Each structure stands twice: as structure tokens, then as C-alpha cells.
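Q: Listed below, chain by chain, are the residues.
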Amino acid sequence: MTPRRWTRFILPTYTGLVIAYLFVPIAVMIAFGFNATSSKRNTSWQGFTLDWYRNLFDVPDLTEALRNSLTIAALSALIATVLGTMIGMALARHRFRGKPSVDLLLFANIAAPEIALGAALLSLFITLGIPRGYGTILIAHVMFSIGYVAVTVRARLTGFDESVVEAARDLGAGPWTAFRTVTLPLIYPGILAGALLAFALSIDDYIITSFNSGQTLTFPLWVFGASRVGVPPQVNVMGTIIFAVGVLAAVANAVMLRRAANSRIVRTSA
Amino acid sequence: MELDLRADLPVVARRQRNSRRRKRLAPYALLLPGWLWLVAFFVVPTFVMLSLSLQTGSLEEGYRQTFNWSTYSDALTTYRPQLTRSLVYALIVTGIALVVSYPMAYWIAFHGGHRKSSFLLLLLLPFFVSFVIRTLSWQFLLSDDGIVLGPLKRAGLLTDDFHILATSAAVIGGLVYNFLPFMALPLYVALERIDPKLLEAAGDLYANRAAAFWHVVLPLSLPGVFAGVLLTFVPAAADFINAAILGGTNTTMIGTIIQSRFLTNNDYPKGAALSFILMAILLAGVFAYAKVLGTEEALDASAA
Amino acid sequence: MDIDPALLRGLTEQRYSRRGVMRGAGIGASALTAQAFLAACGVKAKKTPAASSSSATVPSSAATSGSASASASASASASASASASSSASASATEAASSAFWQQQTLAKQLNIASWPLYIDNEEVNGKVVRPSLEAFSKETGIKVSYKEVIQDTGSFFGVQQPVFAAGKDTGYDLMVLTNGVFLSKMISLGYVIELDQSLLPNFYANADKSILNPSYDPGNRFTVPWQSGLTGIAYDPAKTKRPITSFNDLFDPAFKGKVGMFGDTLDLPNFALAGIGVDPEKSTPDDWRKAAAKLKEQRSGGLVRKYYTQDYIDPLTKGDIWLSMAWSGDVFQAKLDKPELEFVIPLEGGVLWTDNMCIPAKAKHPLDAITFMDYVYLPEVAATIAEYVNYITPVAAARDAIKAHAAKASGEDKAALEALIDSPLIFPSQEDLARTYRFRVLNPQEEKEWNSIFEPIFQS
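Chains as they are written, first to last, in numbering that gives the first Met the number 0: chain Y, 0 to 269; chain H, 0 to 303; chain W, 0 to 459.
Just so you know, the hints here were simulated from the structure itself, not pulled from any lab data.
Treat the numbers as computed from the prediction; the structure is a model and nothing was measured.
Backbone N, C-alpha and C define an ideal beta-carbon position, used for all residues, glycine too.
Treat each hint with caution, since some may be false.
[Claimed, not checked] Heads up, incomplete: computed chain H residues facing chain W, CB under 7 Å, no partners named:
# : residue
1 : E59
2 : D144
3 : A165
4 : T166
5 : T251
6 : L262
7 : N265
Please model the complete structure; the sequences and the hints are all you need to start from.
A: Next up, the structure:
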């Protein structure tokens with residue numbers, strides 16, 4: 000067997016198969032969003048229909064769960080991105096006493112099993128007699144997202160040339176102006192990546208949410224509950240729409256990055 | 000660090016003009032809000048959980064602190080099978096995920112060409128669908144007379160009582176599926192950092208490609224392996240959704256037990272003790288593992 | 000459900016117009032039109048503390064169920080014995096309870112926590128409509144928020160418990176909870192509000208005598224049944240290739256890996272106790288261990304595919320399991336997808352359970368809640384609900400109402416309604432009921448032992 004065969008044929012085929020495998024369950028989800036099922040259990044193909052797209056918001060509790068998921072994900076991504084970016088900047092640009100302990104804290108936060116994070120927060124809420132609900136879900140989601148954002152932002156900032164900011168300050172820019180006009184444009188891909196990660200972690204979380212949700216249901220919680228008696232096709236449709244939006248956002252992002260890269264090449268070669 | 004912050008805060012307000020001092024204090028000011036959030040909702044709760052695990056009582060009588068360490072030994076003896084099973088499952092899952100994703104990450108990193116980012120995107124896209132839905136899809140696909148096994152059985156390729164659901168294999172398969180990208184992405188990042196020229200040099204240096212791979216590529220990709228193992232092993236060991244949807248008898252994982260102790264039985268001390276044991280085992284393993292690389296590098300690798 | 004939404008709409012419309020002319024003289028005496036009973040239970044209708052019959056034991060020997068005059072007399076004697084006994088032993092809690100009820104006014108809002116698919120529910124022009132709730136709102140002016148948030152009583156209780164412990168309002172005015180250890184806990188911990196029996200005239204007029212005065216809540220002090228059901232065995236005859244009749248069929252090696260059991264500390268243990276020939280309510284810890292040993296043998300023999308929590312119907316219709324412990328109403332609904340499914344009460348006996356309406360402590364709208372509790376005991380309302388949920392209705396007279404609906408319906412609807420009338424799952428015969436047992440009531444000490452015996456069976 001020649002090396003060329005490995006890289007030209009075997010490995011690419013293998014990669015294609017693995018990626019196809021990742022998409023199998025998603026194909027099932029999309030297909031059964033079009034199933035003209037009359038039963039409570041959407042498990043056998045009964046013909047094509049667009050009914051579930053037309054009647055997407057017919058299951059009031061499901062709609063509310065989806066709304067909760069989207070707003071919690073947006074809010075927690077916003078808060079975690081601000082707090083996490085600040086930590087990331089502090090770690091990447093400054094040397095200070097206590098830095099190792101902050102490193103340790105972030106590492107433990109990322110490495111701890113989700114169920115232990117959820118159980119610990121629940122212990123706190125039980126002990127203090129705090130009723131669980133929307134607010135406690137939000138607290139939990141920000142908590143487990145901060146570490147990821149901080150580390151992502153720090154990774155982007157490593158190698159950041161501090162003298163650029165110094166120069167701006169010398170030219171009379173205040174600290175906020177310097178951040179807004181110099182630092183932010185340079186690190187914003189890192190921040191954006193962190194924010195997207197936080198959003199994705201939040202909207203898909205089941206384990207921590209199940210411990211701290213009280214009566215508030217999120218999309219994954221509702222779906223898991225419904226799976227015991229029959230998942231309505233609207234769930235497939237909502238999943239398909241979220242997936243489609245995600246695909247569009249990711250493709251747009253990739254195109255933008257490629258354009259940016261191309262223009263850089265043009266500039267350096269000129 | 001804690002003391003520093005408190006002592007220095009008023010100073011920040013008073014002497015904002017002193018640039019040197021400001022520079023010294025800037026990192027603390029930046030850290031403070033996020034740090035407080037993590038302390039209040041991660042560090043403190045962990046200690047509250049520790050305290051809760053040592054209490055005794057019941058819902059009717061209330062819980063009192065009695066430093067009852069026997070909860071830990073009770074929990075360990077009662078739930079040892081589930082705990083062991085979770086760790087064994089996670090180990091198998093991590094191994095399979097590593098073996099499955101390494102060749103793929105290798106090919107994308109060295110031969111993906113200009114389509115590298117498209118391949119990465121494809122690895123990430125499944126995450127846009129809730130993992131509960133994806134796992135339910137597998138349950139549908141793998142049912143005994145379902146669209147995969149049904150035709151195989153009718154063709155006589157499988158015996159009638161062959162089934163995948165409700166076995167350990169189904170749970171492990173579900174976990175591998177759900178956590179595969181967590182392994183593949185860090186592997187890719189580590190491999191992508193390797194200079195292709197090094198490969199050429201190694202090709203000249205060693206007699207065959209296998210040796211070149213073994214002595215050059217593999218060692219250089221270890222940070223990625225570390226991050227991948229971390230991101231796969233920990234969540235796999237603590238998961239309970241896959242066992243609930245795809246499992247059967249004798250597939251209960253420790254996560255199921257912790258969840259039912261807390262949320263169904265209101266047996267908080269035992270639930271807290273079990274989470275603490277699980278967290279201790281996993282974090283101890285992770286930190287021991289991290290020592291080889293140092294936390295900072297490990298963190299970067301896991302974030303990249 | 001195959002029942003035409005238009006039919007249900009027609010039924011509810013009819014009810015408005017026929018208000019006050021409720022069929023059956025039995026309703027006459029104490030069951031009133033919604034307007035009248037609202038007036039009766041409003042604040043203006045002041046009553047003496049003695050009328051609050053909280054500790055009264057309702058005579059269960061009253062009469063045959065469903066018979067009009069008998070129901071009326073049951074209600075009459077209930078209130079008679081109520082005043083008699085409470086004058087003797089008017090406890091402090093009773094006085095407090097009646098004082099509480101006298102302060103309540105209708106808030107025109109009601110928040111219900113219930114189970115999925117547990118009330119009539121139809122899609123009309125792409126909108127989900129719950130006819131009986133709509134009718135209730137129309138008649139009483141009470142707006143209803145109905146949430147299907149309960150998957151199982153245990154985890155629902157687990158979620159609510161900290162709220163109760165903190166003395167806060169759960170946000171619900173009415174919860175539907177299965178009798179058993181969690182409901183008993185709710186009662187013993189003071190998490191539910193004691194009911195004012197004088198506000199339940201329809202309940203006493205129309206409730207089937209078999210559900211009055213249950214062992215888990217003597218005198219219905221805190222709860223009123225919503226629906227009841229049977230735990231038995233469901234099976235697919237095409238797969239088992241023989242009729243299933245006995246608890247021991249769940250142990251037949253021919254069904255290796257094709258048996259479904261429940262993974263809980265309520266149905267599984269009580270059903271197994273009945274299976275080994277012990278009345279759960281009279282069982283001892285020794286019996287528990289015997290039942291557990293039997294279940295362990297079943298598990299280690301590889302017979303059990305999985306211990307399910309409500310999710311056994313799907314694998315049963317798909318053929319992943321051939322026979323399973325099951326709830327009667329689930330099977331009736333599943334028959335619409337797969338008509339060949341069968342449900343049996345095993346020879347050794349099944350378990351009869353009841354889901355109960357109760358008012359959680361600190362509820363904001365208790366009077367609205369108790370108004371609803373009584374409203375669903377109107378036979379027409381009970382019939383509408385039974386036609387959809389297919390469990391055992393607590394109102395025997397609902398059968399006549401369904402018969403009347405069937406007489407007016409045609410085609411598929413008629414067949415569906417007629418199937419309902421004759422179904423032993425909805426209206427079990429006396430012989431069927433004689434073969435059923437009730438859940439064991441456990442004190443906290445016993446509960447610990449019970450759990451430690453039975454949990455290892457499904458949690459491993």
C-alpha cells in the first residue's frame with residue numbers, strides 16, 4: 000500500500016464516513032418534521048406534510064420552553080462574555096499575584112463534571128431556601144460559561160502587542176477609548192467565538208439545568224419529558240430551524256473569515 | 000489573592016490618577032466581577048455541598064449537621080457498581096473516540112487543504128441540534144425491528160432476538176457519538192500546529208512513515224490528546240441521558256443515582272456525597288494528568 | 000384520539016344551554032348549576048365552623064354507585080355526620096381551616112399542574128383547545144392556566160419541596176398527584192390545604208362510592224380524586240403467541256429480554272406484592288423482601304429489558320418489548336395506534352391507584368381551585384374528560400352521559416364512544432375491582448426500609 004493511497008483514498012473516505020455518521024440522527028430529525036403522523040408517537044412514516052411548519056407554535060408549553068431556552072442562552076452568553084472577556088484580558092495582559100489561583104479556578108470550573116456543578120448549586124439553593132426557576136438557570140449557565148469564554152479570549156490575546164495600546168494612550172486616548180478603538184477590534188474574533196460557545200453551551204444544556212430549573216422548562220428539558228409519552232413533530236421542526244440558522248451563521252462566518260484572509264494576502268503581497 | 004482584592008478596592012477609587020498603581024490594580028479590577036460570580040456560584044456551593052453531605056435527617060425532621068462521614072462509606076458500598084460502571088464506560092468511550100477521531104483529525108490537519116475550515120464546520124454543525132434530540136433519534140434508528148435492524152433481520156443476517164438498545168453497547172455508542180467532536184477538535188488543533196516541514200524532515204530521518212509518525216507526530220499532538228481526553232472522559236462519566244434513553248437493566252450510571260437522590264428522593268446528603276466522590280475522582284485524575292503539561296497549557300489546548 | 004373535535008365542541012355547547020336541566024334527578028338535590036353553586040360557595044354564604052366537616056368520616060356504605068337517590072342520600076348523610084362529629088371534636092386546625100376558607104374570595108384565576116395528555120384536548124383549526132376547561136371558564140369566569148408539568152409524582156415533589164419548605168407559593172393552585180408516599184408526605188408536612196367539604200356538593204352527589212374516604216386520605220380531608228387507573232400487564236399477542244393471564248407470565252423464560260417493568264418505588268413494589276399473593280396494604284417488611292427477591296430473580300434471569308418510567312408504550316408498539324407492566328389508560332390510547340395490544344389484570348391481582356387533586360399550601364387562588372374540583376364532578380364534565388383520557392372516571396354517572404353522546408354520534412365517533420362504554424379499562428367491573436389492591440401507606444421509617452429494599456432492583 001502506497002502512502003498516496005492512504006492520503007488520497009483511504010483517509011478521505013474514512014473522514015467522510017465519520018462525518019456522515021455524525022449527521023445520521025439529524026437527518027432523521029429533519030425527515031420526521033415532515034411526517035404526516037396522526038398518532039401521538041411520531042415514529043412511523045405516514046406521508047409528507049408541511050402541517051407542522053404551519054402549526055409550529057401549537058403546543059403552548061413547548062413554545063414557552065423554546066422561548067426560555069433562547070432568552071436564557073442570549074442573556075447568559077452576554078453576561079458570561081463580558082465577565083469572561085475581562086478575566087481573559089487580565090490573564091493575558093497582566094502579571095499579578097494570585098494568577099495561579101485564578102488559573103486553577105478556571106481549570107477546575109471547566110474540568111469539573113457538569114452533574115457536580117449542578118448538584119453543588121442546588122445544594123446552595125436548598126440550604127438558602129431560594130426557589131428555583133428562570134433566575135437560577137441563568138445563574139448556573141453564566142457560571143459554567145465564564146471559564147470557556149475566559150480561556151478562549153485569553154488564547155486569542157496571547158501574543159497581543161501591548162505597545163499598540165501604549166501608543167494610543169500616549170496619543171491621548173482614555174482607557175475606554177483605547178479599549179474600544181484598539182484592543183476590541185483586535186480581539187473581537189476571540190470574543191465572538193467565546194460568545195458563540197457560551198450560547199451553544201447554554202441552549203443545549205440538560206444536566207445542570209435539570210438540577211436548577213424548578214418549574215421553568217427549557218427546550219431540552221421539555222423534549223426529554225415529552226419523550227416518555229411521545230414527542231410532537233413540532234420538536235423536529237424547531238430542531239430543524241435552529242439547525243438551519245446555525246448552519247447559515249457558521250457558513251456566513253466562514254465566508255467572512257476567508258474574505259478577511261484573502262484581503263490580508265492581497266495587502267501583504269502588494 | 001482574596002485579601003489583596005478587598006484591601007485594594009477603596010484604593011482604586013481614591014487614586015485613579017496614579018498610573019503605576021492603576022496598572023498594578025487593573026488586573027484585579029478586570030477579574031473581580033467574574034471571579035466573584037465563580038466564587039459565589041461555584042466555590043461556595045461546592046463547600047455547601049460538602050457540608051450538606053455530612054448532615055443527617057429527613058424532609059420531615061429537617062437536616063442537621065452531624066459530620067456523619069458514614070454517608071460516604073454507605074454511598075460507596077451501595078453504589079460501587081454504578082460508579083465503577085460509569086468510569087469503565089467513560090474509559091471505553093474515550094478510547095474509542097480517540098481511535099476513531101485521530102485518523103480523521105490527522106487527515107484534515109495535513110491534507111484538508113483549503114477546505115480545512117469546511118471540514119471543521121461539519122464537525123461542529125451537529126451541535127446545533129440538542130443532544131437530547133440526537134440521542135432520541137438513535138433510539139428510533141436502533142429499535143429492535145426498526146429501520147436498521149428490521150431489514151437485516153428479515154434478510155436473515157441477524158437472529159430475531161438480536162438487539163442493540165438496552166445494552167451496554169448502546170449506551171457506550173451513544174456516548175461516543177455525543178462526545179466524538181469534543182475529541183476530534185482539540186486533536187485537530189494540536190495536529191494543525193505541527194509544521195509540515197517537520198514531517199518531511201522526519202520522513203528523511205526515519206526509515207518508514209510509521210516510525211516517523213511514532214517519533215514525531217504523535218509526541219507533538221499529545222497536548223491535543225490531553226485536551227480531548229479531558230473533554231470526553233469527564234462528561235461521559237457523569238452523563239445520565241444516554242443511559243436513560245438507550246440503556247436497559249444493568250446500565251445505570253452514577254449520574255442517574257445522583258439525580259434521583261437529589262430530585263426524587265430528597266436524600267440530599269447521599270446525593271451530595273456521591274457528587275463529591277465523583278468530582279473528587281475526576282478532578283484528581285485530571286490534575287494528575289495535567290501535571291504532565293501544566294495547567295495553563297492544558298487550558299489553552301482545551302479551549303482552542 | 001379519533002373523537003371528532005367538532006363533536007366535543009357540540010357537546011360543550013349543549014352543556015351551556017342545558018345548564019340547570021342536568022339529566023338525572025340525583026344531581027338535583029346538591030349538585031347545582033355552576034352559577035348556583037358558585038353563589039353557594041362564595042363568601043356571602045357564611046357557614047358555622049361546624050359545617051366544615053374536615054374530620055368527618057364519610058360513610059362509604061351509603062348506597063350503590065350511580066343511583067341518583069343514593070348519591071343524594073350519601074351527600075346528605077355525609078353532612079349530617081359531619082356536623083355531628085365536628086361538634087364533638089372541633090380541633091384547632093379545623094377552626095383554622097374554616098376561618099381560612101371564610102376569608103377566601105374568587106380570584107377568577109386558576110393555575111393547574113397536571114400530567115401530559117390528562118385532560119380533554121383537541122386541535123381545532125390548528126389551535127389546542129381544552130373543551131372542559133373552556134366550558135369551566137365560560138361558566139365561572141375563572142381563567143385557567145393549565146400546565147402539563149408532572150412527569151412523575153416523585154420528581155415533581157422533589158422540585159416543589161424546597162418551595163414548600165421555604166413557605167413560598169409554588170405558583171399553582173391545584174396539583175394532580177398520585178396517592179402514595181409523596182402525597183402522604185405532602186399531607187403530613189402540611190404542604191396541602193385542608194378542604195372545606197361544604198364546598199364540594201357535586202363531589203358528594205356524584206362521586207362513585209368506591210373512591211370516597213380512601214385509606215391515604217380518610218374523609219377526603221385534603222384530596223379529591225381526578226381519575227383512577229389500574230396497574231396490570233399489557234402485551235402484544237402476536238409476539239407472546241399466547242394470552243397473558245398471570246403475574247408469573249412476566250417470569251416466563253420464553254420472554255427473555257422482552258419484559259418491561261416499572262422503575263419506581265410505587266407501582267413496582269405494590270404490583271409485585273400483589274403478584275406474590277400479598278395484599279400490599281397489609282404487607283410486612285418480610286413480604287417486601289420476598290417480593291424483592293422475586294423481582295431480583297427476574298432481573299438476573301435476563302428477563303427484564305428495562306425498568307421504564309412512563310416510556311414503555313413506545314417500545315411496546317414497536318415490538319422492542321412484548322409484555323410490560325402498564326397503566327390501563329395508556330393501553331387504551333395505544334390501541335388507537337396498535338389495536339392488537341391487550342391489557343389484563345393478572346389473576347393474582349393488580350393495583351388500583353388514584354390521582355388526586357389537592358390545593359398546595361400558600362396557593363393564591365384556593366377558592367377557584369376548589370370550585371374546579373367540584374365542577375369536574377358534574378357527570379357531563381366527567382364524561383368529556385373520560386372520553387379523552389380513557390382512565391377510570393370517579394363519576395359513575397359519566398357512563399350514561401357517554402352513552403347519550405354515543406347515541407347521538409355516528410360512524411367512527413359512535414364506535415369510539417361505544418368502545419369506551421364497554422371497556423373494562425374505563426369502567427371496570429366489580430369482579431375486576433375485587434382483584435385489585437391499593438398502595439401501601441408508609442410512614443417515614445418504613446419508607447426508608449421499603450426504598451432500600453426496592454430501589455436496588457431498578458437502579459443498577
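Q: Are the hints correct? Go through all of them and say.
A: Cross-check of the supplied hints:
With its C-beta approaching chain W no nearer than about 5 Å, E59 (chain H) sits inside the 7 Å limit, and its interface hint holds. A cut of 7 Å between beta carbons decides the hint on D144 (chain H): the least distance to chain W is about 5 Å, and the hint holds. Proximity of A165 (chain H) to chain W holds as hinted, the smallest CB-CB distance being about 5 Å (cut-off 7 Å). For T166 (chain H), the suggested interface contact is broken, since its CB lies about 10 Å from the closest CB of chain W, more than 7 Å.
Hint status for T251 (chain H) relative to chain W: holds, with the closest Cβ pair at about 5 Å, below 7 Å. With a cut of 7 Å, the hint placing L262 (chain H) at the interface with chain W holds, because the nearest CB-to-CB distance is about 4 Å. A least Cβ separation of about 6 Å between N265 (chain H) and chain W falls short of the 7 Å threshold, and the interface hint therefore holds.
Checked against the numbered hints listed earlier, the structure breaks hint 4 alone; every other hint is satisfied.
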